[in-house]
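Trainee: Residues per chain are reported as follows:
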Amino acid sequence: MKRLLAALAVLIAAPFLAAAPYDEMDYGPFVSHTFQMPNGNITLRGIAVPFDAPIEGEKAEPQPPAKGKKPAPLVNNPSKCGIIFDTELLRYSGYWSGGFITWNGVVYNGSHGGNPGPAGKVLAATKMTAGVAVAEDKLIDPRAYPHGPMPRESGRYKGIYRTDKGVIFSYTAGDSQILDMPSIEVHDNQRVFVRTLKVSPSKVPLTLVVADLPGAVAHKMVAHININGANRIRGDRIRAHTNSKDAVAAIVLGGPEGTSFTNSSKDAIAPRLVFSVPPSANSSQIKIGIWGGSEVHLGDIPGILNKLEGPIDLTPLTRQGGKARFTETVTTQGKRGDDKGAYTVDSITPPFKNPYKSWMRFGGFDFFSDGRAAISTWSGDVWVVSGIDDKLEKLTWKRYAAGLFHALGLKIVDDKVYVLGRDQITRLHDLNGDGEADVYECFNNDAMITTNFHEFTFDLHTDPDGNFYFIKGGPVRPGGRGWDKVTPHHGCIFKVSSDGSKLDVVARGFRAPNGMGVGPNGEVTCGDNEGTWTPTCPINWIKPGGFYGVPDFSGKPKAEFPKVRDNPLCWLPHNDTDNSNGGQGWITGKNFGPLSGQLLHSSYGKCRLYLVMKEEVAGQMQGGVVPVLPTFDTGICRLRFNEKQNALFLTGLRGWQTVAQKDAGFFRVRYTGKKANLPVDLKVRSGEIALTFSDPLDKTSATDTDNFNVERWNYRWTENYGSAQFKVSDPKKQGHDPMEVESASLSPDGKTVTLKINDLKPVMQMKIQYNLKAADGTQAKNVIHHTINVVGNLRGEVHVGEYRVIQRK
Amino acid sequence: MFKSAGLFSLAFIVALVVSNLHSNQPFKPGKLPPADVAALQPGLTLRFYARPGDAVALDARRIRLAALHVPKGAAPTPFVDAGPVHAKLTGYLKNPLKGDYRLRMIGTGTMSLRVNEKEVLKDAGKEIEVELAKNYNRIEVVYSGPAGGDATVRLEWAGEKFGFEPVPPEVLFSRKDDSDLVSHTALREGRQLYADRHCAACHGLPGRIATTDCRMPEMHSAAPQLDDAGNRFRSDWLVAWILNPQELRPEATMPSVLSGPDAEKHAADIAAYVMSFKRGEALKPLAASADAKAGGAIAWKLGCSTCHRPDEPKKPDELARLSHFFTSAKYQANAIAHYLKEPHKRHAWTRMPDFTLSDAEASHLEAHLRDRSKGTIPAKPMGDALRGERLFASVGCANCHQIDASPPKKKRDLAWIDKLDKGCITEKARGNAPDFHLTAAERGVLTAFLKTDGTSFKRESPAEFSMRQVKALRCDSCHRRDGEMTRWHTVLEDEGKVPENLPSLTWVGEKLKPDWTKTLFSGKTDHSARPWIKARMPAFPARAEMLAVGLSHEHGYAINEDVRPPHDAKLAAIGEKLIPQQGGFNCNNCHGIGKTPAIQPFEAPGINLTDAAVRLRYNYYQRWMLAPDRVDVTMRMPVFAVDGKLTQIREPFDGDARKQFDAVWHYIQTLPEKKK
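Chains A and B supply the protein sequences, listed in that same order. One point on numbering: in my numbering, the residue at position 575 of the first sequence is 587, and numbering is uninterrupted. One point on numbering: in my numbering, the residue at position 366 of the second sequence is 1800, and numbering is uninterrupted.
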C-alpha cells in the first residue's frame, strides 16, 4: 500500500516536476475525453469546455504546492471554469469553477488508469441519465447496455460548431433538432452557467435536465434534499434545490408558451431540476441560467438570475464558422534521404516547437487532392502540411483542428477530413475557408467505450465501396495483464457504412492492435500486440466473422469461448522483429521498384518497416516478413502510398514502450532505382521453400547451404502474457529447432533460390537467415520470419495451449 | 546429496576406446557426423599442463565459457599445484550461419588463439576478423599466465550487428568422451563423494592430511546436529530412518549402519537415545493459525514443487525431486514450521533454502505439507536408550553427528588405503561396515580417487566450487542458464502455467560485483533488487563467499576486476539529461530512480538505477545497454542502439551510443550517494 501511495504521489506530482508537454499545451476551445467527476459520476464520452469568467476582487486560493514544486497552471484559479457535455447521454455532466481539468490520463501525464476530471469545485452536476427526453419518466438511461450512444429515437449527438460566441453542441431528441451553447455569465459577482438553446419544431414535448446537486451520481444521491417551501423560488421559471449546504438554482427564459419547470418528479429523495418544452410548430429559442454555490447565497440568486437577457438565435452562428484561432503557422525544413540504397527516406520535419505547445505525436494522416497532408496527433489535433514537394525546403504546418479524443486515425474522402477518435469518427468542415475546422461533425459514434485507459481505437481506412474501417483494442488493465470490464465492442475491427449511419463488427479478438490496413481490393489486415492471449505479434489477414486471439473479445459468453484461433498470415518474434505493431499499407503504384504492389507492415515498438511476402494456399493466406529499411527514430504506425508522388509516406509516434527516441516522425520513402537485393516472394511447398529476390544472385553463394540458417519454433496461445518459443521436436521445451538445408538451387534467371528442406510442416514460426552475394557482388544479407499454415496435405491449427498439425480434408 | 556419478562408468570405458580416434583426422569446419554431435556437451574443455607444449595434461575439466581466472599464487584446480598457469581451452564454436566475426582475447600473460586449426591471433587486446563456418568451428586457446600475477584470459567476439561480448555458452561445445576429461572428471566425482558421504569422519583424510589443511569447503560440512532431536522427530520415523535411510529417501547420504537379526531392535535403541536429546519444552506453534490453503499459495509462489514432490520416494521422478511423502511422519507438531524458518540452524550445509519466511508463512507451509505428505510409518517397539547410547558410539553415529553429551567416537580406521577390496567401498566384502548403497559407478570413481595422494583436498578452485554448488543447490530450478529452461518451467508445464521470469544466471559472474552477490547469498541484503518478483531469492550463508568469488572466476574475472572510467561530473550532468522522456531514453518509465518509482512499468519493470550503480560491472553495463537482447532474449529492455553504434538521440555525441551510455553510467554512479 505504501508503494502504491508513493506511486500515486509521483503521478500527481509529475506535472510539477517540469513544464510537462501536456501541461503547457493549448488544447483549443474544448477537450474530448472520458471524464471522471466526484462520486463516480462518469462521462464516458465527454467534451469539456473551458471558460474564463473573472470576478473583480476575487482572490485565488491556491493550495500550497508541494515542497520545491511549482503549482500547475489553471489549477486553483477561480476565474477558470469548465463544463462537461456528455455526448452519449446528452447531458451536462458537471459545471465547476476553480480551474479547468486535471491532466490525468495516459495521453496527458501517462497515468495508467486515470481519466481527467474537474480541476475545481463542482457547482452543479447531473446524474448519469439522459439529459433530454420526450417525457420526464424517460429521463433514465435508456440503453440496454450502459455504453455507447442512446437509441436513435431517444437522442443522438450530431456534432459541435465552433463559433465566435462559443461552441455549440448539436443533437437530436425525439423528433427535435437541438442546438445548445454553453457559456458563463457574471452578474453581481456571481457566475451563472448559461445554456442557450435552439429547438426545432416538434410534435412531441421535450423534457430537459437542468441540474442535480453537485454530488449527483447514477441513480442515487449522496445527500437528502430539503424541498420545503422556503427553498422553492418563483414557481415555474426560477427554481432551486438545496441540501442545506450546496444549492443549485436555475432560470428558464424563452421557449414556446408553457415552457416551465416540471412538478412531477416522483423521486422525493432526489428531485431534479427539470423543465419541459411543449410541442411547437415553430422553432424556439430558450435560455437557461444555472447557479451553483453555497446555500448562504441563495437569497440573492433570484435577483441575479433575473438579470439574464433573453436567448439569441444560434442558427446563424452555425452557418458562419468561427474566427480562426490558430492563426500562426509553423515552417520547418525537411531533409532528403541520401539516395544510397534502393529506397531512401526523406524526413518531413514535424513542428515539435509550435506556438500552441501542441505535443507532436502523430496518430494518422492522409492527403488532400492538392497534395497537402492532414495529420492528427494523439493529443487531439489535426494539422495540415503544405509544401511536400520534391525538395521539402519549406514545409508549412497549420493547426486545423483540436480537442479530439486520442486522434489515432485519419482518412480524407472527397477532400473532407475524417478523424478517428476514441469517442467517434469526426468529419471536419471548414465553413469559412480560413483553414480551421468550424464543424466537428459526429460521423459515427456507435462503438462502445469504457473508462479503461488502454482500449485505444486505431487507424482509419476505406475500401473501394467507401466503407470505413477501424480497429479497437481491449481494456487492458494497468500493469498489462487481464482485462477491466469487457463490452461487446472490445477487440473488434469495425466497418462503418460510407454514409456513417451503420457500424458493423467485421472480426473479433484483438488485444491492442495499433494499426491495420485495407488493400486496393478491400483486403483487410491488422497487427496486434503481444500480451494476454496474444503469444507474439501477428499479422492477421482478416476473414469476415473471424476470430483472432482474445476469447474474452469473441462476443460470446465464457462457456462458449473459442478454443481455436483463426490462423494469422504470419507470426512475428517479439525480440527481434515486432513487439508492438503498427499498421499496414499497400504500394498501389507500379513504378516503385520491387515493392510495387506489395503489402508492407510497420512496427511501432521496433520502429521498423517490413515487406510482407504472402501466398494463398488452399484458401489460407500465409507468408512472412523481411525488414526493408533501417530503424526509424520513432514508432512507425501509419502507412499511405501517394500515387502522385510515387512515394510511400509513414508517420509514427512515441507514446508508450518503444525503442523510439522521438515523439513523432513523418517520412517519405522514395524508390531510387538502385538494386534492392530484397526477397520479394516466398513460396512453401512440400519439402521446399522458394525465395524470389528482386535482383539476380551470385550462383556460388546462393547454392552454398552454409549461407542459410533455417530454424523453427512454435508459440503457445494461452491467457499468459505473450509466449515463450517452444521446440517443434519437443513442444514442452523452450527453444528452436534448426532445420537442415539439404540443398540450395538457383533458377536460370538467378532470382529464385529453392531450398530443399526435409520435414517441412505447418509451424507458427520459421526463420530463414541468409548471408548471400548478389550477382553484382553486393551483399544480400537479411532475416525472414514466416509462418506455414498449410503445406501439402497438412494444416496447422492454433488451439488453446498447443499448436496442432492436422491432415487437411 | 544426489548421486552424481551415475553416468560415469559406461562413459569411461567407451571414452577410453573412442576418444583418441578423432584427434588425428584433419578437421573440416562445418557439419559434424551425427555420432560426433551426440558426443558433444555444452562448454569447453580446459586442460592444465606443467609446462607449455607438454603433451600430457595435469588436469582437465569442463568450463562453461571461454574464460579462466586464477588469482596470483592460487592453485588453478584442486589437482594442480599453485605455480605458473599453463592451460589450453578447446572445443567447438557452433555458428548458425557462415559469416565474418571479429575475435579478441582479454587477459594477462601470453596467449594464442587457433580457429579451425589455424593460429589467428596472439596476445591480449588485439582483434582479428575471421570467417566462421556454419555449424562447428574448432577453437583452441593456448594460454600461459604471467609469472607472479593473476592469470586471466577471456575470449570475446563481435559480429556485424553486435559489439565485443564474451562468446556465449550457448554456442560452445566439446566432446564429453575426451579421455583427459573423463579420467579427471572421475577423480573430481570421487573427491566430491568422499566429502558428501563424510568418509573422513571415520577414515580421516587420504595421505594423512590434517583436517585443518583441507581447503574443500564441503569437507567441513557437518552432519545435522541432533541436540534437540527429541523435540523435532517422531520416534517411529527415526527408527525406520536409522534402520535404512535410503528406504525413506533414496538420495540420503547417511549410511545404514545396522545389519543382522537385531538391526531393528538396535535401531529402536539408538532412536530412543536420540529422542532423549531435548532442548526445553515441546516446540510451540509459530503463529496462531495455520492454513493449508494459504500454505499452498506460498508454496506455489516460492516454487517448492521444483525441488519437491508429494508422492512416494521410490517412485521415479524425471526431475529428481525430493519426496516429502514422509515429512509429516518425520516431524512432531510445529517442527516443520520451525525447520522451514531456519533450515540452516542445525545443518549449516543443508541445500534447503532459507526463504526468510515469516512465522505465519512457516506455519501455513507446515499445514500445507501435512496435508500433502501421506506417508505413514508403522508403530515401532520402544527401544532402550542406554543401550542406544552405547550403540551410538559403537556403530559410528557419533563420528558424524556431534552432540553435547556425545559418547566417545568409534575409533577411526586410518589404514583405509590398503583396504579398497574390503569394507564400505565394496559391494560384497562389506562385513559390518556401514552400507552407503553406493552404485558401481560411485565405487569406481571413489576407488580412482583413493588411488591419488589426496592432496587435492589441500587445494580448492572457487570456479569449480561455484559450478558444483550451482548444480547442488539447483539454482537452475528457478533461474535460466546457458539457454536452458528451468525445472520450474517443466513442473508448471502440465498445469499450462508459466513461472515468473527470474533473472538468467548465464552472465551473473560477469555482471554482478562479487560484493553484491556475496551479500545476496548470505541473506543480508536489506531489499530486493526486483521487488515485483513474488518468488524469493533464498540465502545460503555457508556458501556465500566462495560462491560469489567462484562465479566471478568462472567468467574470467578477478573479484575486484571492474575497469571503469574515472568519475566525471560533467558527463554525469549530461547523463542526467539522457534519463527523461524528453530528449532522453525515458529510463524512469520502467526503472525507479532512487525514491522516485517507475512511471509506467508496463509488463517490464526494471531495477532501480541506484541498485544498478551498486551491482553492475562497467563492462557488463556497456554491453547490456548496447544489446540487451544479446544478453537475455527474454528481456524487455528496448534496444536503443540497433546497429550497436548509434542511438536515435542525435545530441549529445552525434548519437554515439557508447558515449551516451557512458554519460548515463556516470549519472547513475551519483545516485547511491544522493540517496534520493
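Treat the hints with care, since some could be wrong.
Derived Cβ-Cβ restraints for the label pairs, each shown as a range [to be verified]:
#1 B:Asn1994 <-> A:Val817: 37 to 43 angstroms
#2 A:Pro367 <-> B:Pro2106: 50 to 56 angstroms
#3 A:Tyr157 <-> B:Pro2106: 50 to 56 angstroms
#4 A:Val817 <-> B:Glu1861: 47 to 53 angstroms
#5 A:Phe573 <-> B:Arg2084: 47 to 53 angstroms
Please keep in mind that the hints were generated in silico from the structure rather than gathered at the bench. Where is the CB? At the ideal position from N, CA and C, for every residue including glycine.
Trainee: With reference to the structure, classify each hint as holding or not holding.
Mentor: Taking the hints in turn, this is what the structure says about them:
In this structure the supplied range 37 to 43 angstroms is violated for B:Asn1994 paired with A:Val817, their Cβ-Cβ distance being about 55 angstroms. Look at A:Pro367 against B:Pro2106: about 43 angstroms separates their beta carbons, and that is not inside 50 to 56 angstroms. For A:Tyr157 paired with B:Pro2106, a C-beta distance near 54 angstroms keeps the hint of 50 to 56 angstroms intact. Take A:Val817 and B:Glu1861: their Cβ atoms lie about 50 angstroms apart, and the range 47 to 53 angstroms holds.
The hinted window of 47 to 53 angstroms between A:Phe573 and B:Arg2084 holds, with their beta carbons roughly 49 angstroms apart.
When each numbered hint is compared with the structure, violations occur for hints 1 and 2.
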